[in-house]
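2 protein chains.
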Amino acid sequence: MQKKVVTIKDIARMLGISKSTVSRALAGRSDIHPETKQKILDLASQLQYEPNTLAINLKQQKTNTIGVIVPETINRFFARAVGGIQKQADMAGMNVMICQSNESYIAEKKNLHSLVSSRVDGIIVSISTETDRSDQFASLTEKGIPLVFFDRVFENIVASQVVTNNYEIAMEGTEHLIEQGCKRIAFVTGPEHLFNSRARLNGYLDALRKHNLQVKDSYIVHSHYRSDKVEEYTRYLLNLPQRPDAIFAINDYAALEMIHIMKKNGLRIPQDVAVLGFNNENLCRFVEPSLSSIDHPAHDIGASAAEMLINHIRHHDMKPEKRVIKSSLIIRESSRVQ
Amino acid sequence: MQKKVVTIKDIARMLGISKSTVSRALAGRSDIHPETKQKILDLASQLQYEPNTLAINLKQQKTNTIGVIVPETINRFFARAVGGIQKQADMAGMNVMICQSNESYIAEKKNLHSLVSSRVDGIIVSISTETDRSDQFASLTEKGIPLVFFDRVFENIVASQVVTNNYEIAMEGTEHLIEQGCKRIAFVTGPEHLFNSRARLNGYLDALRKHNLQVKDSYIVHSHYRSDKVEEYTRYLLNLPQRPDAIFAINDYAALEMIHIMKKNGLRIPQDVAVLGFNNENLCRFVEPSLSSIDHPAHDIGASAAEMLINHIRHHDMKPEKRVIKSSLIIRESSRVQ
DNA sequence: TATTTTTCCGAGACCGTTCCCGGGATCGGG
DNA sequence: CCCGATCCCGGGAACGGTCTCGGAAAAATA
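In order, the protein sequence lines correspond to chains Z and V. Using the UniProt record's numbering, the letters of the first sequence correspond one by one to residues 1 to 338. Using the UniProt record's numbering, the letters of the second sequence correspond one by one to residues 1 to 338.
Hints are not guaranteed to be accurate.
Identical copies go unnamed one by one, so any copy, or any two together, can satisfy a pair.
To be verified - As a list, the in silico DSBU-like pairs of lysine-lysine whose alpha-carbon atoms are at most 35 Å apart:
#, residue 1, residue 2
1, LYS39, LYS59
2, LYS319, LYS87
3, LYS4, LYS62
4, LYS216, LYS322
5, LYS216, LYS183
6, LYS143, LYS37
7, LYS9, LYS326
8, LYS37, LYS109
9, LYS143, LYS39
10, LYS37, LYS229
11, LYS210, LYS322
12, LYS4, LYS143
Simulated from the structure, these hints should not be mistaken for laboratory data.
Sequences and hints are given; from them, build the entire structure.
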């Protein structure tokens, strides 16, 4: 049943010429008679010839492909970042191979091996919440495979990275809540070992200290980015002896769910509890109250990472570079107390 | 700078044996002395040897990879479907290569060529809104490459497909709105040439006819799945001489935005206009009013498509199969008028 | 000890391309 | 008419693996 896939050799045989000549014609090189070339191209399209990229890549010792490892594309931040990567790759005529770690260290490692085995020309990574060691990435550098991290990065590794101004924006967001008169500000952030979680936490802490507000550990929640724990830690916060009067949430979906739970408990947003989200999803504008958030330019971050990686691939001697992309605070009803 | 990547030949040379033997050890075959095998494995892991999948795939004439073309993973339905595909592929020990058409016919065609050139073992597709012809897919069958469509499928092509009961669920949803006393039900659906859009539309129309309600073309909006037109057609619907008293929306995000606009215009949901969404996103439970929706089991659809494709890959003589996965109506506040 | 079987390994073809190299044919200039 | 340059094209190695086949050495059997 299985039809034989047509190769360059088939075309050569049918035309009574050598495969070198066919290769020349298909590659669009000039040292070939126009007439011969036309015959080859005609037959190729008639037979629906598709070049075997496997063979080409093997021979060329490069794949024209950049590998991407992200936690999960169900997370819109990463979906948008991947979009930015793909757009940039398209412009450079490169392909993209996307892997999801599903926030698992093991899966991430498997993805990495898979990409290396596929001989991608470079790799872009945003690490999983579970990942707390970087040696598996260090070995890439030894192999000469360019590597760029974005958003979720390691602090101490020497590699290019694209991050946002986590510290500053967390500080700005917290100060905004303080200016609204909030004094007991809860902070929901990611796992402690993730660099950007720590940076955000520090921004939050420094904002409190700067305004002489008491830091209470019970107001700090370390959450995974997954959604199934939101109800649990919301109840925890609401049941504290001194209920928070503001919540800086890890993302907009979590913020939305928290607001929903608090409303059911008779709390008014923002009068009783002000809420600030993260990511500035579209839905922020359509919910009630509209949700203040941090605009986190996912698409640009991805595009920037891809651009940087492509540079590394093309000029192998480049030094690691760190880019900071600015997030911005978008104030809406959920945090406007006065 | 660029360190040489270690190959099977390097290991053979360093150990003074032939590459056949190294291959045997690495492939875990039995006709090799345990001691030799151990030496090879030790050196391989010490040198961080990674097999070149390009070479393996070229030789084996298969890639153990399934290609996926979806409109865009920023759309959560497709992100979840891809998740289902990936899970199923993992279980079967296969890889997944994801392409996004970005709802463009041209890009979709490019993706297809790219996957064929990469010699994927099979392809899963959900077509773009622009795609209204299927010949590019027909040629896959000639080449003997298994193909499975899901959700957005062609009506007349002979290929395996996984769809939901679009007609029935649109009918059920519409009847639900009718039972709530709504008489002027607007329907927002996808482009006319898409099979599932038409199926849903027919379900809607037949529900109206069954209950002797007048069908008005002005209540039917053909929208793309992108979000930037929502405001436009919402205003159109609200400005109709006979304003609709119910809206069956194309997805939950559109529904949310429509509700927001209507509220700003002083309309009460659901008393003035009942709203029914599509996809049953998490946020449905957290918005106000909570959003009725159609639960569209994206993950299962993807998993089912992948399972089917893997079967086709393993048993080349299989007949095309059509699977229907049931969606279900989830009633919440936004459509509960009484 | 002679023969058979088993164990283990090497040689080399092959997958589908690219590309270097060399050579025959044609052409132009002197 | 001769000869170097130009134009086309074919042969064949190479990319990094797999796998078949055959054979030498070791082990088992007679």
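- Starting from the hint list further up, note which numbers the structure goes against and sort them upward. 7, 10
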